[in-house]
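Peer 1: Okay, here's what each chain looks like letter by letter:
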Amino acid sequence: MIPQNHFLILSAILFAIGIFGVLTRKNAIGILMSIELILNAANINLITFNKFQKTPDGLGQIFALFVIAIAAVSAVIGLALVISIYRNAKTILVTKINLMKW
Amino acid sequence: MSFPILTCIVFAPLAGSMLILFTPKKNVNLIKVIATLATAAALCLSVLLLIKFNYSSPAMQFEEKAAWIPSINAWYHLGADGISVGLIFLTTLLSFLACIGSSGIKIRQKEYFFLYLLLSTGMLGTFTGLDMVLFYMFWEIVLVPMYFLIGIWGGQRKEYAAIKFFIYTLAGSVFMLLGILALYFTSTPHTFDILELTKTGGALTLSVQILIFIAFYLGFAVKVPVFPFHTWLPDAHVEAPTPISVLLAGVLLKMGGYGFFRISFPILKDAAHYFILPFAILGMINIIYGALVAMAQTDFKKMVAYSSVSHMGFVMLGLASMTATGFNGALLEMFNHGIITAGMFFLVGVLYDRAHTRELDKFGGLGVKMPVYAGMLSVFALASLGLPGLSGFISEFMSLLGTYPTFKLITIISSLGLIITAGYFLYMLQRILLGPVNEKWSAISDINKRELLTLIPLLIIVVIIGIYPLSALKYQIAAISALVQNLGGIAF
Amino acid sequence: MVKFAHLIPIFPFLAFAILILFGRKLKRSSAIISIAASLISLLIVILTFHGLLKGQGSYKLFDWLVFNGITLRVGVIVDPLTCTMLLVVATIGSLIQVYSIGYMSDDPRFSRFFAYMSLFMASMLGLLLADNFVTLYMFWEGVGLCSYLLISFWFEKASAAKAGMKAFITTRIGDAGLLLGIFLLFFSTHDLSFSGLSAITGHPALYTTAALLIFCGAIGKSAQFPLHVWLPDAMEGPTPVSALIHAATMVAAGVYLVARCFALFFTHQPALVCVAYIGAITAIMAASIATVNNDIKRVLAYSTISQLGLMMIGLGVGGYSASTFHLVTHAFFKALLFLCAGSIIHSVHTQEINKMGGIFHKMKITGTAFIIASLAISGVPPFSGFWSKDEIMTEILRSGHPMIFIAATITNLLTAFYMFRLIFLVLFGKPRSELHPHESPKTMAIPLIILSIFAIFMGLPGSPLMNNVFQRFIYFGAEHTALSSNPDHFVMGISVIVAFLGIGIAYALYMLNKEILSKSIRNRFTGLYDLVYNKYYVDELYEFLFIRPCARLSKAFSGFDLKVIDGAVNASASMVVFLSKAKAWIDSNIVDGTVNMIARAVGMLSGELRKMQTGYIQSYLLTAFMGLILILLLKIIGG
Amino acid sequence: MSFIETFQFILPEVILLVFALAILVCSLLMRSKGLLGALALTAVVLASLFLPRVNTTHASLFFNMLTDDAFSTFFKVICLFITGVIILISMGYKTLQSGHIGEYYFLLLSATIAMLLAVSSNNLIMIYISLEMLSLASYILVGFFKHDDLSSEGALKYFIFGALSTGIMLYGISLIYGVFGTMDLSAIANTLKTAPTNALISSVLLLFILAGLSFKCALVPFHMWAPDAYQGAPTSISAFISVGPKAVGFAVLLRIFTRNFLPLYADCVTIIMLVSVFTMTIGNIIAISQTNIKRMLAYSSIAQAGYILIGFVVGTASGTEGALYYIFAYTLMNLGAFGCIVLISNSIRSDNIEDYAGLSKKDPVSAFMLAVFLLSLAGIPPLAGFFGKFMVFAAAIGSKFIFLAVAGALNSVIAVYYYVKVIKYMYLDEPKATEMKKNPAPLQIALIIIMIGVLIAGIYPSPFLNWIRLSQVFFLQ
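Residue numbers (my numbering), protein chains in the order written: chain A, 1 to 102; chain B, 1001 to 1492; chain C, 2001 to 2639; chain D, 3001 to 3477.
If we strip away everything but chain A, and leave its shape as in the complex, we get (with noise of 0.2 Å):
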């Protein structure tokens, strides 16, 4: 059987990069796709306690399930919004959105 701290350690690795890839993905899709590495992340933990634990409950295994719907539901309001950027500024580089700053 595969220990907890593998799961917890791959769960870390994967927040990490999508953090990472939040951090310094240009292209505004590569920045939802790293929130989605972020929240599976959190996923693999919910999923790993749960199952670790002495008399499993379920709700890790249930919240996961929330999450993934909601991951789906942010991820189209997301490309929506993204979309709505690209009719106006023809471009979804994260790095060319800056008309308000300061």
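Don't read these hints as lab results, they were simulated from the structure. There could be a bad hint or two in this list.
With a straight-line cut-off of 20 Å between C-alpha atoms, the simulated EDC-like cross-links for lysine to aspartate or glutamate are [unchecked claim]:
hint : chain 1 : residue 1 : chain 2 : residue 2
1    : A       : Lys90     : D       : Asp3149
2    : B       : Lys1106   : B       : Asp1361
3    : C       : Lys2555   : B       : Glu1359
4    : D       : Lys3361   : D       : Asp3429
5    : B       : Lys1369   : C       : Asp2079
Output of the computed footprint for chain B on chain D, the stretches with three or more beta carbons under 8 Å from beta carbons of chain B [stated by the list, open to error]:
hint : segment
6    : 3174-3188
7    : 3381-3387
8    : 3424-3433
Listed next, with one range per pair, are the computed distances between beta-carbon atoms [as the list claims (entries may be wrong)]:
hint : chain 1 : residue 1 : chain 2 : residue 2 : range
9    : C       : Ala2017   : B       : Thr1188   : 53 to 61 Å
10   : C       : Leu2021   : D       : Glu3354   : 54 to 62 Å
11   : A       : Ile2      : D       : Met3030   : 54 to 62 Å
12   : B       : Leu1050   : D       : Ala3038   : 53 to 61 Å
13   : A       : Leu79     : D       : Tyr3460   : 17 to 25 Å
14   : C       : Thr2443   : B       : Ser1057   : 58 to 66 Å
15   : C       : Phe2546   : D       : Asn3352   : 44 to 52 Å
16   : C       : Leu2021   : D       : Ile3452   : 50 to 58 Å
17   : A       : Asn5      : D       : Lys3094   : 53 to 61 Å
18   : D       : Leu3028   : A       : Leu79     : 19 to 27 Å
Where is the CB? At the ideal position from N, CA and C, for every residue including glycine.
For this one, chain A is given, so just place chains B, C and D on it according to the hints.
Peer 2: Chains B, C and D only, in chain A's frame:
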């Protein structure tokens, strides 16, 4: 419960301002009438207060107390004693006179009188409020109307002066707020009541007292103003319209001194004792420095403004004395300075209205053209420079007299201020009234009846107190001796 | 009838009030009101005097001021000194007011003048009646004010306006000393009344200081060295003012003050000696200046200073009676001198003695009065001045201060000299410019005549001829009465010789000589002459030492206020604004920079990231993330 | 508890949901969109009528997912009030009136439902879901002007920032689940009481959650989205996100930290104090140099959050009371200020502060109200903002957080400068010629009522204080 006279005094102007809010903007005369009536009502009530005031008792009188914010033990608590009764009268009197003197306001009268009356209420509330929260609230209420009154109706650099005044005094008073809160939490049971705190405040340790004292000091010193917090004053005074300068110098500066009398000294006794030397030195600096700077001014109004800095130094000096005489002197100096400087600012206004300049060097020989004005100006200048027989002398004399046993050298140096003061006031008189007539002003008209009307009551008070100082002193003696006794000062 | 004494100052004050309020309507009749008030006061003074002789005395009126524990109860002092002074002031005051009707007849501010005169009378009489230091101080400043107002009465003249200010401020310097002296006394004795002074014992140094501080007030008021500079300039005022205030009454208030506090001075001899020496310096210095000055009123002004110095000497050597006696006689003859000078100026419209000459035959009354007064001041017997100066000289000799005696003698010599220099240059000889002298009107002439009579006979009450009535009336302690009763013929002799010597020199120099002052003499003493002619450069010295530094300091402070203090505040305000801008700048630049830097750090892990560009959203995110990291680090490190 | 019984507690949410769907349907069917606003307003009014009464005991709903107590009722009232005013503002906001207004109200009501759920959540899952629901609705609302560059840019930034923050929070929640084995707040509280766990780990986890909530409250360093989102969003939505999510964020913060995680919270006080000081200072200082009033108010509301945080840092009963009062006062005055800005922008078509010159002559009522709200934000007595500051400073000094009180005091001085700058333009400067349009009456009346509320809450705060005290007495047990 008896007739709530103090509430009526404080809120009469506010009622007037509410009426004005619902008066059409066009109906300027009605607005003026309402404002005059409101201030007159407050004045009449305060005269009644003086009449009914029992000056042989040091206790708080006409107390009104009602629950206000019970959860923090804050009360609507008003009262007047010998320390405040004179200042209440001063405020109502100057409010009334300056209201009459406001007829020169030609634009946005509705807003002007609305704010003016609001200002009145704020000032009166400060002098009557006996609950710290109430006191602070009234204290701060004064700021906003003052900001507008300077900023809208002021002179050339009005915006700068207004914001400077606002920020300066606010910066001082937020520290006062912290001081108030600190007092609240160090008292058991927690209370904001000034009278309660006066009883219990002495139990605090010295270091706590010192911290709280400094917090209050920052609030009051800016208002007084004490060197080096005084630089808002010349700007504000100079840019404000005449009636507002009158209130600024006549009443607002007294709020700081009153704070020392009502809060800093009685509540934080040990700290007060701890700080008397700095007080005396600051008082001395104010006197000498203010006088010297006043001497260098070429702008009439600025000169008078700096003279206020100098005169308020006597208040500080008297406070530092820890003697009944010094305290009496300081308190009376506040009243007298209020009356005299108000007169001076009215007179500056009279001249400015006619000549549209305040440059002292541009005048000369006006004594011929404006004999009545010359007489008035001379009397107020002489009162200001402390001529015996006029009111300014007696209070300065008592301040110096009271301070002498504690701080000999400082008193001696401060009394040099009297000479410098004489110097710049006479120099001012010389430049305006004396000398060859400047042809430019050959058509200038003498002071008119309305202007005289505002000055004569002040003149009468100046002369009466000068000749018979007990007429004013009697109200404060009992309260001051109680204060001195409470402080463990020298009771003579 | 003593009980009405407190009403004495009230009538002139009422007159002042009426004149200041309704003066413009009253016009000429202002003078009548003013004089009537003075006369009523004079009447009450006489009644009071009568009462005093009957044995009545000082009394209290009402509580005036309360310092805790100590109530200041004001009253009036009625004793020989005060009563005599009252009599002198009321008499001379009334006479000079009558004189003023003529002198001021053309002035547009006629009633204003009388208003001020009345106010002065009220203050002066009040000053004399004050029975404690505080009320005295009030009236003291009151007379100072009137002096200021009247000196700059013709304020259209810039010099007059300046002179008034100078007078006020200079005397105020002395007054500050007086105030401190009062404080010192009050805190040592807890008593402000004069009656308590005689009971003072102990702490000699303290009380000597107090006495000296009080003397400062006297120095200012009586124009003693080094505060004498204001009095000559005060001559810018109308001549009746010079006569009343700056010759007869107000300037003598300093002497009166020392006399009033004589109990304090007498028990503290160092202070008294100081008084004597200040008096001596003043006397001789002023007299020497008077010998070279060419302005008729200024000569008289220096003469006044010199005579006041003599009175101070008198007090300083313990000659209480002698000094007050000289005060009284001086009041009359000096007033007379000024009125005569006024009469002459009124008719010839100049004050330069160089331009006058030979006007005696056109102005007989004035001329005669002038000569009488000059004889009196020069100490020619039997005129009043002889007797009073003789008393002082006797006291000096008796006290054993030879230096002072010599100084006083030289002063007397110079006095006789400069007075007769005036007479010879003004009244006799040939006119040195176009003059149309004419006798003055009756309102001016009659007071001259009356004062002449006083100037002649006022010395008699103090002379052995009348058994020294004066000294028996006003004395300090008991022994003095006995001492001063015996005439000292040695001193008398010297006085007479000195007086005639002075007159003789003046005659030789100014009558026998064709020129005003022989060039040869002037050339021989150029240095000395310049020194004296320029009044020993005291004014210049003060200008250099005090006025200019003060002005400079004032300017400097004002600049300091504007630039430094305000600047500091404004600077901190602009600091905030700057910070605000900086923050905004940091937001847009440093954050970006940090982002770049961190991006590079990350890029070292994967070379791919080197080309990474940061966009704004990501810089926000990075800030947030780095903030979080920072918080976590803080948490972990801080525990 | 039966389902029916449970149902009565969530009746407001249900009403809002029904009306939201109804609006969506109506907007498809109806030509005139004018009625939609009224419909939304009706929903809010009805919902507030059916709010559970202030109860003496708390009710656990849905397996303790939600809890209903006086504390949540307090925030529910605030949230419904906010939505009500926002609807009024929206109805009076000319630029907003378009074909999509139905969706706008739908989203607004959805956000309201999310807020109501969030303030009564008692489970980390529930908190996450409701906050995410609120956020998602807000993202769309910010980008509602989809043809406007600024609006969509603001929305995107808001979205990315929000997504990252909630991601971090979610990760934190997942770790908490690992440590405690449950996500029920009461259960976690019990565990903490009985068996102390590794404080370091727990408090680090706590900070992850703090990060997510800091984003909602726009606390430093999670504040940077706020100015852009405020500036880009329709003004009505700027008003909404400046008060709604912020109030909710603080409600959740208080519930998690003060009520349940108190032992852990004590470890984080210093850090939260620093956050508070930085939030006030940075917000205030940057606000000074702003020229766009919405952006200025964004920084201002960052700073205001710092003041609220003072009460939170103190953590005592009086601290919580202060924070709650401040939230209440802040809601009133910030809504009022934004309302006035909407009124003014209807006529002058600009958000530049310089264009406010001479407004007191052109539109005295709006100018006066804006002046009152700004002065209240600046903390000038006798307005509500002053008393809010008073309460939090008092709490700070009462618990010896002198440094915090001094920092707050200094900040309130700095703040005056930029608030008064707006007033200066309105009152002291001469107007430019612009015709003022007639103000929509309902909004104006609403603003006048809010202004009076600000005055009363400042002059006679007792009733409000009593209400707040009742709301948190139970909460702090």
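Peer 1: Between Lys1106 of chain B and Asp1361 of chain B, is the straight-line Cα distance small enough, at 20 Å or below?
Peer 2: violated (28 Å)
Peer 1: Holds or violated: the 44 to 52 Å window for the beta-carbon distance between Phe2546 of chain C and Asn3352 of chain D?
Peer 2: violated (58 Å)
Peer 1: Could you see if the CB distance from Asn5 of chain A to Lys3094 of chain D stays within 53 to 61 Å?
Peer 2: Given about 60 Å between the Cβ atoms, the range holds.
Peer 1: Next pair to validate is Lys90 of chain A with Asp3149 of chain D; report whether the Cα-Cα distance is within 20 Å.
Peer 2: Holds. Lys90 of chain A to Asp3149 of chain D sits at ~10 Å (cutoff 20 Å).
Peer 1: How about the segment 3424-3433 of chain D: do at least three of its residues have a C-beta closer than 8 Å to a C-beta of chain B?
Peer 2: Holds, because 3 residues of the segment 3424-3433 of chain D bring their Cβ atoms closer than 8 Å to Cβ atoms of chain B.
Peer 1: Starting from the range 50 to 58 Å, see whether the pair Leu2021 of chain C and Ile3452 of chain D falls in it by beta-carbon distance.
Peer 2: holds (54 Å)
Peer 1: Against the 20 Å threshold, does the CA-CA distance of Lys2555 of chain C and Glu1359 of chain B hold or violate the hint?
Peer 2: Between Lys2555 of chain C and Glu1359 of chain B the Cα gap is close to 16 Å, so the pair holds against 20 Å.
Peer 1: When you take the CB atoms of Leu79 of chain A and Tyr3460 of chain D, is the distance between them in 17 to 25 Å?
Peer 2: Violated, at about 51 Å.
Peer 1: 53 to 61 Å was suggested as the range; check whether the CB atoms of Ala2017 of chain C and Thr1188 of chain B agree with it.
Peer 2: With a Cβ separation near 60 Å, Ala2017 of chain C and Thr1188 of chain B satisfy 53 to 61 Å, so the hint holds.
Peer 1: Can you let me know if the beta-carbon spacing of Leu1050 of chain B and Ala3038 of chain D is within 53 to 61 Å?
Peer 2: holds (60 Å)
Peer 1: Is the hinted pair Lys3361 of chain D and Asp3429 of chain D satisfied, with a Cα-Cα distance of at most 20 Å?
Peer 2: holds (10 Å)
Peer 1: Does Asp2079 of chain C sit within 20 Å of Lys1369 of chain B, going by the straight-line distance between their CA atoms?
Peer 2: violated (47 Å)
Violated hints, listed in ascending order, are 2, 5, 6, 13 and 15; each of the other numbered hints is respected by the structure.
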